[in-house]
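Chains as they are written, first to last, in this note's numbering: chain A, 1 to 61; chain B, 1 to 441.
It is possible that part of the hints are untrue.
To give a feel for the contact side, a few chain A residues facing chain B, derived at Cβ under 8 Å [said to hold, decoys possible]:
(1) Y9
(2) V13
(3) G18
(4) G24
(5) T28
(6) S39
(7) R41
(8) P44
(9) G45
When the alpha-carbon atoms are kept at most 20 Å apart in a straight line, the in silico SDA-like pairs for lysine to any residue are as follows [unchecked claim]:
(10) A:K38 with B:P290
(11) A:K38 with B:L287
(12) A:K38 with B:F367
(13) B:K74 with B:V207
(14) A:K38 with B:Q327
(15) A:K4 with B:A405
(16) A:K4 with B:L253
(17) A:K4 with B:I409
(18) A:K4 with B:V406
(19) A:K38 with B:A25
(20) A:K4 with B:W244
(21) A:K4 with B:A252
(22) A:K38 with B:T289
Quick caveat, the hints were computed from the structure, so don't treat them as lab data.
Think of the CB as a built atom: it goes at the ideal place given N, C-alpha and C, for glycine as much as any other residue.
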Amino acid sequence: MMTKLYFLYGLAVVGLMGTAEYRGWRLTSFNEARTVPKSVRDNPGSYRPVYGGFRHFTGGK
Amino acid sequence: VADAQRRPPVSVRSVNCPNCGAATAVRTFGHAVNVVCQSCGSILDAANPGVTILQKFTEAVREEPLIPLGTRGKLLGIDCEVVGFQVRQITVDGVAYRWREYLLFNPYREFRYLTEYAGHWNVVSTLNALPDGGPTPDGSEPRSYGEQEFRHFQTAVAKTVFVLGEFPWQIRVGDTVTAVDYVAPPSMLSAEVDADKEVTWSLGQYVSGRDVWASLSLPGTPPPPVGIFANQPSPFRGRSGSMWRNAALLAALATMLWIGHLVSARSKQAFVQNFVFDPRPAQDASLVTPVFELDGRATAVEIETTANLDNQWMFVGYALVNDDTGQAFEFARDLSYYHGYEDGESWTEGSPIDTVTLPTIPAGRYFLRIEPEGDRTAPPVQYRVRVLRDVSTSLWYIIALVLIAVPPILASWRASMFEYRRWQESDHGSGGSSEDKDDDD
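The shape of chain A in the complex, shown without the other chains (with noise of 0.2 Å):
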């Protein structure tokens, strides 16, 4: 019986890697925004996204 169950469970790990690969999913953090204005592409400086002015220093001993 728990070794039907983990084979299930198995098979449900291996049907979510295969969509995860299909669909192309990813951990990474990013910000879906609002929509952007036409505007933009006349003006980039007038866009401010949520990471802009975040200026700082990294790295170096």
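Go by the hints and put chain B onto chain A.
Okay, now just chain B, sitting in the frame of chain A:
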């Protein structure tokens, strides 16, 4: 069967105890050598028509059998009657361990025994043939009987501390034997060596208390088993083995899917362009790329940033914008690359290349809004942005393998712990457990 039907039915006679005068039933007739008075506990000589006292009961506390004498039933398919009861004891490291033995009688078969320790039961029969390796038990060497190999479990001096009922041999409280046990769950091979060096081999079969109660139609419920007995069958036996076989099958299936996806993923370059970023001016450096096509089904998109960083850092804010709908996917990347020479050794830190994958991006016409930032005292940076459509990943494959492996690992661990606890009770407690012959298969 016809021969058995011609035989007279089993009946009971009794003898009077010379010590207390109480009548004591004798169920085994000519088989009984000693009978124990159920009233005063004296051991009587049943083979003597005069019924003399062989040993008087001197203990302050009587042991009460869980199964009354005279109980009849069918154990392991054989009719039997409980006619004798004894309590035996071994002492290990100064601790006395007692178990109970019930003598089972069937007038047409050999005597058998039903033993009980801490709620664990065994039906024991004496062997008519010797196990491989000779008549004498020799230490901790394994022994074979039939097709099975038995591992040595314990050697101890067993002492009879209480008797009741009747026995087909001379029995006294205080009798001692050297008992040597070998196990191959659910079987147990035992040798008893008495003071005259006479060896008796027997084979025990583990049975559950529930089965004993059902077989003998006993009222109530059996005492619950405590701990793990020497030949108690592992509930995990074979389970982890079959789970590992299934795991191999599932892993093979996952590998096929993964390879299939690796082969079929197009990794199609949808966009590439080089840029120059000068961090020194204070003005905004944000820009947009030309529109490019992400075709096919909704799937992953990889954005690769490569910069010629030289002891500096760079921060890039991205927005992947659908030119038709305005839907944007915003994310940011940090790049830094430092290197040097210190204490006679070269060192580097960070990487000038960064890759990020966005999940399930619908097909459409897109452009990137890029907003680079950096150290205003650093020189200009050349960087390249590349967009790939329908890229593969090993992430889900690795996660699937881990998830597939976890249950059999747990099952193997539990099986191993069961065997460890079993062997902790043996003469080989500290080492002879799970690393030897495991439970699987």
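Okay, the hints, checked on the actual structure:
The beta carbon of Y9 (chain A) comes within 7 Å of a beta carbon in chain B, closer than 8 Å, and the hint placing it at the interface holds. For V13 (chain A), the suggested interface contact is upheld, since its CB lies about 5 Å from the closest CB of chain B, less than 8 Å. Satisfaction of the interface hint for G18 (chain A) is found here, the shortest Cβ-Cβ separation to chain B being roughly 5 Å, below the 8 Å cut-off. Hint status for G24 (chain A): holds, given a least beta-carbon distance of 3 Å to chain B, under 8 Å.
Annotation: interface hint on T28 (chain A) holds; nearest CB of chain B at approximately 6 Å, less than 8 Å. At its closest, the beta carbon of S39 (chain A) sits 11 Å from a beta carbon of chain B; the interface hint therefore is violated under the 8 Å criterion. At a threshold of 8 Å, the smallest CB-CB gap from R41 (chain A) to chain B is about 5 Å, leaving the interface hint in force. Proximity of P44 (chain A) to chain B holds as hinted, the smallest CB-CB distance being about 4 Å (cut-off 8 Å).
Interface restraint check: G45 (chain A) against chain B, minimum CB-CB distance 4 Å, threshold 8 Å, status holds. Taken as a hint, the K38 (chain A) and P290 (chain B) pair is honoured in the structure, with Cα atoms around 13 Å apart against an allowance of 20 Å. Simply put, K38 (chain A) and L287 (chain B) have alpha-carbon atoms about 14 Å apart, close enough for the 20 Å limit, and the pair holds. Taking the CA atoms of K38 (chain A) and F367 (chain B), the gap is near 11 Å; set against the 20 Å cutoff, the hint holds.
A C-alpha spacing of about 13 Å is found between K74 (chain B) and V207 (chain B), which places the hinted pair at or below 20 Å, so the restraint holds. Of the supplied pair hints, the one linking K38 (chain A) and Q327 (chain B) holds, its CA atoms being roughly 11 Å apart against a limit of 20 Å. Taking the CA atoms of K4 (chain A) and A405 (chain B), the gap is near 15 Å; set against the 20 Å cutoff, the hint holds. At roughly 17 Å between alpha-carbon atoms, K4 (chain A) and L253 (chain B) fall within 20 Å of each other, so this suggested pair holds.
Annotation: proposed proximity of K4 (chain A) to I409 (chain B) holds, straight-line Cα distance about 16 Å (limit 20 Å). A threshold of 20 Å between alpha carbons decides the hint, and for K4 (chain A) with V406 (chain B) the separation of about 15 Å falls inside it, so the pair holds. Under the criterion of a C-alpha separation no larger than 20 Å, the hint pairing K38 (chain A) with A25 (chain B) is inconsistent with the structure, at around 106 Å. Under the criterion of a C-alpha separation no larger than 20 Å, the hint pairing K4 (chain A) with W244 (chain B) is consistent with the structure, at around 12 Å.
Straight-line distance between C-alpha atoms of K4 (chain A) and A252 (chain B) comes to about 18 Å, which keeps the hinted pair within the 20 Å bound. Among the hinted pairs, K38 (chain A) with T289 (chain B) is consistent with the structure: their alpha-carbon atoms are about 13 Å apart, no more than 20 Å.
Checked against the numbered hints given earlier, this structure breaks hints 6, 19; the rest are met.
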